[in-house]
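Q: Please take these sequences and the hints and turn them into a complete structure.
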Amino acid sequence: MRVTSSVVGLTVEDVEVSSKFLVDHFGYVEQMAADGFASLSRPDGAVDIALHRRGLEVLPPELRDVVVGGTIVAFVVDDLDAEQERLRAEGVEPSLPIREEPWGERLLLVTDPNGVVYELAEWADPPSGR
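Residue numbers (this note's numbering): 52 to 181.
Simulated from the structure, these hints should not be mistaken for lab results. Please note: incorrect hints may appear among the correct ones.
Derived pair list, reagent style DMTMM-like, types lysine to aspartate or glutamate, alpha-carbon separation capped at 20 Å [unchecked claim]:
#1 K71 / D95
#2 K71 / E141
#3 K71 / D99
A: Next up, the structure:
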């Protein structure tokens, strides 16, 4: 198998709200949008994100009314402290401020208005090969 790109699909109540959050705070660009759908990407090749409105008929019937929950979209960044400061300056308060896990990961969580959780992380001691 050869993977040419990756997309995370998230079902939310309000596509426009989550799309705006990603554009305003995470540098995403909306590539395509229609009623109940948006496709976003970043110029650096980070994972693409597709947003679907709850109830959208293109979703399988068993998933149409299931909104994102328990999913965390994670981004590894170079300077976690600077990202937390930037987000706060933009009016985004972390739902979990920076903390360090026993395995060496430093992370913070932010939550968009639809309840989508985004993790920003860096390694206190990067694993070999990074």
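Q: Which hint numbers does the structure go against, in order from smallest to largest?
A: none
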